[in-house]
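Visitor: Below, each chain spelled out in residue letters.
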Amino acid sequence: MLGTGLSDLLHGFAVALEWRNFLYCLAGVVIGNVVGVMPGMGVLAAISILLPLTYTMPPVGAVLMLSGIYYGAQYGGAICSILLNLPCHAAHAVTCLDGYPMTRQGKGGTALGITVISSFFGASFGIILMIFFAPMLVHVALEFGPAEVCSLMLLGLLAGSTLARGSALKGITMTTFGLLLGIVGIDVNTGTQRFTLGQTHLADGIELAALALGFFGVAEFIRTVNNIRPVHLGMQVRTRDMWPSRADLRRAIPAMFRGTVIGSLCAMIPGTGPTIASFVSYAAEKRISRNPERFGQGAIEGVASPEASTHSSVQGDFIPTMSLGIPGDAVMALLLGALVVQGIQPGPQLINDHPDLFWGLIASFWIGNILLVILNVPMIGIWVKILAIPYKYLFPIAVFFICFGVYATNSDVFQVGETVVFGIIGYVLIRLDFHPAPVLLGFVLGPRFEEDLRRALLLSRGSLSVFIESPISATFLGASLLLIGVQVFVYVRGKRRGGAADIVEVVPSAATTIVHEGP
Amino acid sequence: MTGAARPDDRAAGALTGLVGACTAYGGYQYDIGSFLEMGPGFFPFALGCILLLLGMLIVLNRRAGQEAATDAATPLDVRGALCIVGAIGVFLVMVKYGGLVPAAFATTVIAALGDRTARPFGTLALGVVAVGIGVGLFHFVLRLPLPLFTWG
Numbered sequence: 001m002l003g004t005g006l007s008d009l010l011h012g013f014a015v016a017l018e019w020r021n022f023l024y025c026l027a028g029v030v031i032g033n034v035v036g037v038m039p040g041m042g043v044l045a046a047i048s049i050l051l052p053l054t055y056t057m058p059p060v061g062a063v064l065m066l067s068g069i070y071y072g073a074q075y076g077g078a079i080c081s082i083l084l085n086l087p088c089h090a091a092h093a094v095t096c097l098d099g100y101p102m103t104r105q106g107k108g109g110t111a112l113g114i115t116v117i118s119s120f121f122g123a124s125f126g127i128i129l130m131i132f133f134a135p136m137l138v139h140v141a142l143e144f145g146p147a148e149v150c151s152l153m154l155l156g157l158l159a160g161s162t163l164a165r166g167s168a169l170k171g172i173t174m175t176t177f178g179l180l181l182g183i184v185g186i187d188v189n190t191g192t193q194r195f196t197l198g199q200t201h202l203a204d205g206i207e208l209a210a211l212a213l214g215f216f217g218v219a220e221f222i223r224t225v226n227n228i229r230p231v232h233l234g235m236q237v238r239t240r241d242m243w244p245s246r247a248d249l250r251r252a253i254p255a256m257f258r259g260t261v262i263g264s265l266c267a268m269i270p271g272t273g274p275t276i277a278s279f280v281s282y283a284a285e286k287r288i289s290r291n292p293e294r295f296g297q298g299a300i301e302g303v304a305s306p307e308a309s310t311h312s313s314v315q316g317d318f319i320p321t322m323s324l325g326i327p328g329d330a331v332m333a334l335l336l337g338a339l340v341v342q343g344i345q346p347g348p349q350l351i352n353d354h355p356d357l358f359w360g361l362i363a364s365f366w367i368g369n370i371l372l373v374i375l376n377v378p379m380i381g382i383w384v385k386i387l388a389i390p391y392k393y394l395f396p397i398a399v400f401f402i403c404f405g406v407y408a409t410n411s412d413v414f415q416v417g418e419t420v421v422f423g424i425i426g427y428v429l430i431r432l433d434f435h436p437a438p439v440l441l442g443f444v445l446g447p448r449f450e451e452d453l454r455r456a457l458l459l460s461r462g463s464l465s466v467f468i469e470s471p472i473s474a475t476f477l478g479a480s481l482l483l484i485g486v487q488v489f490v491y492v493r494g495k496r497r498g499g500a501a502d503i504v505e506v507v508p509s510a511a512t513t514i515v516h517e518g519p
Numbered sequence: 001m002t003g004a005a006r007p008d009d010r011a012a013g014a015l016t017g018l019v020g021a022c023t024a025y026g027g028y029q030y031d032i033g034s035f036l037e038m039g040p041g042f043f044p045f046a047l048g049c050i051l052l053l054l055g056m057l058i059v060l061n062r063r064a065g066q067e068a069a070t071d072a073a074t075p076l077d078v079r080g081a082l083c084i085v086g087a088i089g090v091f092l093v094m095v096k097y098g099g100l101v102p103a104a105f106a107t108t109v110i111a112a113l114g115d116r117t118a119r120p121f122g123t124l125a126l127g128v129v130a131v132g133i134g135v136g137l138f139h140f141v142l143r144l145p146l147p148l149f150t151w152g
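Listed in order, the protein sequences are those of chains L and H.
Quick note, the first sequence lines up with residues 1 to 519 if you use the numbering used here.
Quick note, the second sequence lines up with residues 1 to 152 if you use the numbering used here.
Hints listed in this document are in silico derivations from the structure and should not be mistaken for laboratory results.
Just so we're clear, the structure is a prediction, and the values are computed from it rather than from any experiment.
All C-beta atoms, glycine included, are put in the ideal place defined by N, C-alpha and C.
Please note: incorrect hints may appear among the correct ones.
As the list claims (entries may be wrong) - Label pairs and their calculated CB-CB ranges: (1) H/V135 <-> L/V373: 30 to 38 angstroms; (2) H/Q29 <-> L/S411: 53 to 61 angstroms; (3) L/Q105 <-> H/F140: 31 to 39 angstroms; (4) L/I484 <-> H/W151: 53 to 61 angstroms; (5) L/G198 <-> H/L137: 45 to 53 angstroms; (6) H/A73 <-> L/F132: 45 to 53 angstroms; (7) L/R493 <-> H/V141: 55 to 63 angstroms; (8) H/E37 <-> L/A14: 44 to 52 angstroms; (9) H/N61 <-> L/R287: 25 to 33 angstroms; (10) H/P145 <-> L/Q199: 43 to 51 angstroms; (11) H/P75 <-> L/T192: 36 to 44 angstroms.
Claimed, not checked - To list a few chain H residues with every Cβ distance to chain L over 12 angstroms, as calculated: (12) A73; (13) F149; (14) W151.
Unchecked claim - If you want the footprint, here are the derived chain L segments under chain H, 3+ residues with CB under 8 angstroms: (15) 169-182; (16) 450-456.
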């Protein structure tokens, strides 16, 4: 298997380096880096905005670009946290804790340098993992019947809802709501119109772009308008400041390794994303350290470990998505949604049916990460300047893109109307302390889930026990129960202790600028 | 951020339960079928019941905010919200009465006015940039089937 893996990878490089795909990848990582640097514009919003535009692109290019945005944003996000103490994205909140003190000590450039090194290292590890693990997973998954797929999807849905931000209960509610929204439209089996409220436009279902842009674009803008703190950057960062000293490297490199391992483990578990990975690795680093009091004052391990962890987790996130077709979080759900629109069925057969896509994507990860290092090291000054663009210029252009983008999908004004309706609904949800990201998970998986459920029950002649009889399915169901059990346990224990027990201290008061993301 | 009013989970739970009840009712109307042959109403009915249950759990589960409820507690910025929603509304109209250029300009400018620190020059410049992107990217590159100027 190793031999074929390598030859497939080489083929993947050929695909990724084809000039059109290379440009798409480049566009993706640049946009991602920009989005990552700017506070107020989330990765989810950016991917949603570009989603309709990818419908006319070849599928390989589309996936390369959207993925590039995702991991590109991780590079940019650290810049904001370190230099300004502003976590632009939840995954980089931890980086503020030690990154900003380093800036204050004049070592901001070093922190950035270590970030880039750790990021590249973590990402590379994640990529290698994907190369070996994904085909293995596919091999196993091809043996799955509808009952197993159903249970796995259930596990994925539960994991995505309970491990994401906020209350697990509300997370599950959001996922269920997403499943519901996925039902709207004509039922393929019977031709019945479900929940279309008499609107012919809804017969094909709710448009993914409208939902995504409404929840993560419009709702976010309504929430953040006039709410973003203006950014003041009083310093210059030069490329030569970025090279870390020997002493720094000696402390940072082991931390990098540890962070990478933790990130990869988190990536394997569906539902845990870069944010959780970063928190866990920071906490672990602090606990392992011989001088934990240095953390919070500019300990370089506190920057190296979470960053490596975040990046390996981001690359690893693609594994269950590409090999099993089960998205781990909202971003992956969007990516899968984009593939479905292109007529590509996600699932274990993807690697065999579309090897170009799969291996081209993996190859592009490396190319993309190298591009990002090139972008971030010599051009660090530019990113710092972009940081300073006022939000009031960004969000109107974003609204413009939302309107035109959704309209461009199907030339259907109704769908732009859907977007604004979802924007309002999304805002209401946020005010009620729901986090809408899991809705996308449910929405994208819903139709497949119902389909497989129906098939499983048909094959078992209406008997529910088929889900427990199959050992694989039973394992997934058991894991799901375990997840719920853990949540209940934590809840009960929290009630008894009477307070919240958290791993990490409160992130500096930039809380208002944290944009809604997936986990 | 302290001192902000905690969002009322009763409303959240009630809303969830309501949506669940409506969905279950709707599902019931479309033939549920049986376990062997799932009807179109099966899945919606099941989901509706689950939502109903979740709604009740949310209400019962009210406890001290464990995560910073700041996102939920920040009050609505009315001007911003109206401008954003209004901008999209204007777009809906201008697709038919106006065309690509006026739509691009109006949508961007109205949305930009949502920011309290918006000033005439910056806002208008933003509108012009939007028209530029609209014409360049959407009209020429993507060939969006929206005429530059149209009426009715």
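Visitor: Hints the structure violates: just list their numbers, smallest first.
Guide: 2, 3, 5, 10 and 12
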